[in-house]
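Novice: Taken in order, these protein sequences are the chains called A and B. Heads up: the first sequence runs through residues 1 to 384, numbered per the working numbering. Heads up: the second sequence runs through residues 1 to 317, numbered per the working numbering.
I should point out that these hints are in silico values taken from the structure, not numbers from a laboratory. Yeah, the Cβ is synthetic: ideal placement off N, Cα and C, and Gly gets one too. Among the hints, erroneous ones may be present.
Unchecked claim - Label-pair ranges, simulated between beta-carbon atoms:
#1 S50/A to F231/B: 53 to 63 Å
#2 A331/A to L142/B: 37 to 47 Å
#3 A127/B to T77/A: 17 to 27 Å
#4 D214/A to F231/B: 55 to 65 Å
#5 V120/B to A132/A: 32 to 42 Å
#6 D214/A to W18/B: 52 to 62 Å
#7 F231/B to A331/A: 52 to 62 Å
#8 E192/A to F231/B: 36 to 46 Å
#9 R136/B to E192/A: 22 to 32 Å
#10 T31/A to L142/B: 36 to 46 Å
#11 P237/B to A136/A: 19 to 29 Å
#12 A132/A to L42/B: 37 to 47 Å
#13 I115/B to E82/A: 42 to 52 Å
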Amino acid sequence: MAKKPQQLAIDTRPWRDTANHRPFVRIKNVTKKFGDVLAVHDVSLDIYRSELFCLLGGSGSGKSTLLRMLAGFEQPTSGTIEIDGQDMTDVAPYNRPVNMMFQSYALFPHMSVEQNIAYGLKRDHLPKGEIADRVAELLSLVKLQDYGRRRPHQLSGGQRQRVALARALAKRPKLLLLDEPLGALDKKLREETQFELVKIQESLGVTFIVVTHDQEEAMTLATRIGVMNQGEIAMIGEPTDIYEFPNSRFVANFIGSANMVEGTVTEDEPGHVRIRSAELGCDIYVGHGVDCAPDQLLWWAIRPEKMALSREKPFTAHDANVTAGIVEEIAYLGDISVYQVALESGKRIRVSQTNSVRGNPDAITWDEKVYITWSDNAGSVLTV
Amino acid sequence: MTATHDPTIPPPRRLKPWNAVERGLAKVGISGRMLVLIAPALWLLIFFLVPLAVVFGISLATKQFGRPPYSALLSTEDGTVQLTLHLSNYIRLFTDNLYVAAYLSSIRIAAISTIITLLVGYPMAYAIARASDRWRNILLMLVILPFFTSFLLRVYALTGFMRGNGVINQFLGLFGIEPLVMMQTDFAVYVGIVYTYLPFMILPLYTTLVKLDVSLFEASADLGGRPLRTFLSITLPLSLPGIIAGSMLVFIPAIGEFVIPSLLGGPETLMIGRVLWDEFFTAANWPRAAAVAVAMLVVVVVPIMLMQRAQSAVVEK
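All chains, full assembly: derive it from the sequences and hints.
Specialist: The following block contains the structure:
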């Protein structure tokens, strides 16, 4: 559901060409303290026009505090926030060109759907006819034409979510902040709504900043993701970067699942690196240079689907990248099966295999001895 | 589930002494739930409806010397039972300007006091609802604290503040300001009522305000609502149930207030509670006093019903 590649000509990915593009939102060295608690620590972040940027993190990671500072509900302890070239750090929420969709939706319970959507327009003292037109336009955008006179409590969760979106979009904000926009919906509805949200964002061209704890949601929605941990940005990147090229053990573990082993550098060449891992019971041959030193202790992470299982020992070059173990657990998930293999060292490795043969009678099963192998570039070498 | 029951085996019969009682009551159509409801109903019957009926009966009699100091409604003469109902007391209420004026004056004083109490109580309730958890309990305690001393003592204490050589005038005297006449005026009555009934306004307001979701105020600000607009469009309408409940709790007892006007008010402070007292104890006219009481009840019940209807309409929304 993320934007299709052909729609993303290079010039629509301004974060790849920072020299020629001015960021739309600039968060510079922002720190927020609540008493002695450091909620956000020295965060700097540039977000470009028409981006759908996801702030992803667990609870207490500071993602919501950062969003609330963008909306103006909290003041940074230090640092500045610029939106569209203007310093917004000390501007009151009602004077910002920013609207927010709240996690609880925060619909006014004593007003009808129409009145809720019109609330922001009335604050701008628009003429009545114009407000009515705009409200009708928004109701059809979120497909709630027949619900204008209902009150929020007469709507389902999904309908309320759409009213909240329409209300937040009513004033044509330059920047829309969404706090866990799909958090209160059930799984099925969440998947449908993800599509709609992206469609609306693309058709209106508004910059979205979405806070979520759900990595699947972040991966499907976002043009870029900022992973937050303990008040700091752990990594910023496109979904594929975050998943395939994590920059730290935290990111590798937080996004998706990863097997992580410790190892020592034995060969450090510009074209390759060899790592000896007692845990893995073999050498790891990495087919590219890594910024490290001989004998350095580091970590190597690999995704379960980047490894293959076989009964016979496969041939590998360089006398590396193959190890053996016993199948301990199998989780059959339909499309894939996840095997948990116990190595000699006691380390457990998770390997996933696509179930491409229907009802495969020859599938690897419990207590079998298997070989695990992977290619030179399948894993990530992590130094932090 | 730790214990599972086989549905084919009936649960063991519990033999408790009250089972027999329960079965006996069930035979005459009384269930446990009804029993629970009967207790408050009986209470209301004995201590409210019966006395009210007695008062209403007395209001239809005439004053006479003796014991009791009113005529009997039922009398037997020549073997016939006669029911004598005197409407003169009620007719007098409408024809004698004193009573009409007293009712109107009571309603006016109660209404003005309610508005002042609301204006004073709302910001206090709002501040308490928005205070941190620790402060909130302390502040609520302070609101309730006056109830730990006698109401009469507190009203007497007010006279110490407001009398000619009281605390306020002594303080003003330091600046060479002439002493103000506060006691025995309507002003003192307002001060007394607002002071006494403030907690009854603050508590229901607080309970509605504290329940309001802070994100509603943030949403209003986010959509361009300045603080005053947010208050008028969001806070005020959503706290309407508290405003109605608090106003009811102040307005209704204030109409019949007797102690405050007699201790703090002057001779020209006309309130129905004082008229009632005078009829009973000074004029010893029980039937007239009873009629005044019944009429007061009607005056109070009408606004209660109106407000309850308004409140249920708000709640339904």
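Novice: Taking the hints in turn, state whether each one holds.
Specialist: Now the hints, each set against the structure:
1. Look at S50/A against F231/B: about 36 Å separates their beta carbons, and that is not inside 53 to 63 Å.
2. At about 60 Å, the CB distance of A331/A to L142/B disagrees with the hint of 37 to 47 Å.
3. Remark: the range hint 17 to 27 Å for A127/B to T77/A is upheld by a beta-carbon distance near 26 Å.
4. Roughly 36 Å separates the CB atoms of D214/A and F231/B, a value that falls outside the hinted 55 to 65 Å.
5. Under the hint 32 to 42 Å, the C-beta atoms of V120/B and A132/A, about 41 Å apart, fit the expected range.
6. For the pair D214/A and W18/B, the beta carbons lie near 55 Å from each other, so the given range of 52 to 62 Å is met.
7. With their beta carbons about 56 Å apart, F231/B and A331/A fall inside the hinted range of 52 to 62 Å.
8. At roughly 38 Å, the beta carbons of E192/A and F231/B sit within the given window of 36 to 46 Å.
9. Between R136/B and E192/A the beta carbons are some 42 Å apart, a value that contradicts the proposed interval 22 to 32 Å.
10. The supplied range of 36 to 46 Å is met by T31/A and L142/B, whose beta-carbon atoms lie about 37 Å from each other.
11. Taking the beta carbon of each, P237/B and A136/A are about 25 Å apart, inside 19 to 29 Å as hinted.
12. In this structure, A132/A and L42/B break the distance hint of 37 to 47 Å, their C-beta atoms being roughly 59 Å apart.
13. Hint check: I115/B to E82/A, Cβ distance near 48 Å, so the stated range 42 to 52 Å holds.
In terms of the numbered hints stated before, the structure departs from hints 1, 2, 4, 9 and 12, listed from lowest to highest.
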